[in-house]
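Each chain, letter by letter, is given below.
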Amino acid sequence: MMMTKTKKPIALAVGMLLGLSVATAQATDDMSLHISPQSQPAPEGLEDYAHGDARSGYIYATEETRTLQDDDFENPAFLWVEKAQEQWSTPEGDANKSCQSCHGDVESMKGVGAVYPKFDPEIGDLLNLEKRINRCRSEGMQATPWKWESDELLGMTSLVKMQSRGMPVNVSIDGPAKEYFEKGMKFYNTRVGQMDLACKHCHIDQNGNYMRAELLSQGQANGFPTYRLKWQKLGSLHRRFRGCNNNIRAEKLANGSPEYMALELYVTWRGNGLPIEAPSVRK
Amino acid sequence: MTQTTEKSQVSRRDILKIAGVGAVTVGAVALTGKAQAKPEDVTAYFKKVGGDAANASKVTVDGPEIAENGNTVPIEITVDSPQTENDYVKTIFVAAEGNPTPEVVTFNLTPNSGVARVKFRMRLAATQKVRAVAMMNDGSTFTGDKEIKVTIGGCGG
Amino acid sequence: MSKAPKPRVKSPKTAAKGDVVTIKTTISHQMESGLRKGKDGKLIPRQIINKFEALFNGKQIMSATLYPSISANPYIDFDMKVEEAGEFEFKWFDDNGEVYTKKAKMQLEG
Chain A
1 MMMTKTKKPI ALAVGMLLGL SVATAQATDD MSLHISPQSQ PAPEGLEDYA
51 HGDARSGYIY ATEETRTLQD DDFENPAFLW VEKAQEQWST PEGDANKSCQ
101 SCHGDVESMK GVGAVYPKFD PEIGDLLNLE KRINRCRSEG MQATPWKWES
151 DELLGMTSLV KMQSRGMPVN VSIDGPAKEY FEKGMKFYNT RVGQMDLACK
201 HCHIDQNGNY MRAELLSQGQ ANGFPTYRLK WQKLGSLHRR FRGCNNNIRA
251 EKLANGSPEY MALELYVTWR GNGLPIEAPS VRK
Chain B
1001 MTQTTEKSQV SRRDILKIAG VGAVTVGAVA LTGKAQAKPE DVTAYFKKVG
1051 GDAANASKVT VDGPEIAENG NTVPIEITVD SPQTENDYVK TIFVAAEGNP
1101 TPEVVTFNLT PNSGVARVKF RMRLAATQKV RAVAMMNDGS TFTGDKEIKV
1151 TIGGCGG
Chain C
2001 MSKAPKPRVK SPKTAAKGDV VTIKTTISHQ MESGLRKGKD GKLIPRQIIN
2051 KFEALFNGKQ IMSATLYPSI SANPYIDFDM KVEEAGEFEF KWFDDNGEVY
2101 TKKAKMQLEG
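Chains as they are written, first to last, in this note's numbering: chain A, 1 to 283; chain B, 1001 to 1157; chain C, 2001 to 2110.
One chain only, chain A, in its complex shape:
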């Protein structure tokens, strides 16, 4: 269903799905409840982009878009990554430190991107990679934190996360992370906005179907930050959340807001086992 080139009229989907009910699962042992009741086998050659019922956005992309992602030169996100590579060893702030001063070469970040968002016991809150990097800036370097959607923060987040490329997403929802996870899951399943839709309506119930011209993906986070062809630039997962909320005519929340942080944990956890693809290319 997800790979067919023929556009399936939404009317067909109506017939197919009428009366089908889907769980707002409380249990986390049956992943199909969090991902898709109609997950198809991964297309041949793309098995690496699937894990259990989870399917990376890469599988939903066209061949042309995948080609853009596959080559680190053709992938436009690397314009940002290359700048971040220079930034990595550039001292800044009152402490006159660079990332390199504490962490050595950026390769030392291998594995880090796979486990964020993560509960940080020191500050007693959930941190994603963007917040973690900015905390390094404000605490370690005594430099000004970068703005959320700035080229600098997007580039550095991508650079750090891509050190884990190909490693499985592996965020923890145990212990103190649990309450964030549950909050995120609740957000995901709660109807909002003038259209009165929840995340799940598009990305679980209708995943694999067309919404007008749009093939609905599972809304996986393993490729973020992503270069979106539509944005014509690199962008964050929270920017994508804002776009989704805007489309269903709901209130756009602030980047880094507690709601989006919890949502990021839930959404990322849905893709545990998918390979890290950041920085990906998506439509």
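Keep in mind that the hints are not guaranteed to be accurate.
Said to hold, decoys possible - Calculated cross-link-like contacts (lysine to any residue; reagent style SDA-like; alpha-carbon spacing at most 25 Å): (1) C/K2037 - A/P121; (2) C/K2024 - B/Q1036; (3) C/K2010 - A/Q232; (4) C/K2003 - A/W148; (5) B/K1090 - C/V2021.
If you are wondering where the hints come from, they were derived from the structure by calculation, not from laboratory data.
Fit chains B and C to the given chain A structure using the hints.
Only chains B and C this time, still in chain A's reference frame:
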């Protein structure tokens, strides 16, 4: 397929609503605001540059059948040419029939190019034909085109 | 990226005489078409890379005139027939008068 809950039944109404998501989200496209060019504008442009009598051969315009997003559409143009001192493609004119202006890009090649092939990414405001005219060093012209569909009105964000 | 455009080039470090090699180029640039309206409802002025040039040992391999229909972060790839060792020079010309350049060396094999 048959989990049950008290909550979040997928109703017919929901699916109709989903079909309307993104319906008001236009304006993020890079090329907006003006009336679109017409196929005649491209013909006039090619005439101006001396390619109106081009022979429909030798030029291949390659791109996706359907562009996922009109802001970034990869296009590759190849001209059948030995690209030697005596016989080479001098200029490739690329034009679009449905963008605000017909001109897209003009390449000046040389015998140093080795082959007559270029790849680039362009904006497409709507489903349209991308056309190319290749002018050889002796002034002869060849042309090729490709129709590319652009899907509009998905969910933006 | 609105700030200082950054060119990137991928060209071979070594090649054999007679080879035809592919050169990939891109630069971070918004390619503002001049047709978009800003939040204030006014047209955002056009600012694009309007020209690109590739030279090898000072000799032009190819050049391109770009229009607003070219995507943001313009990407161009093309080919060159290898005759000698030397240096590539790439130039991007901005509507605002700036010229961004990047150089890369290539040696002959064997």
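### Task
List in ascending order the numbers of the hints, as given earlier, that are violated by the structure.
1, 2
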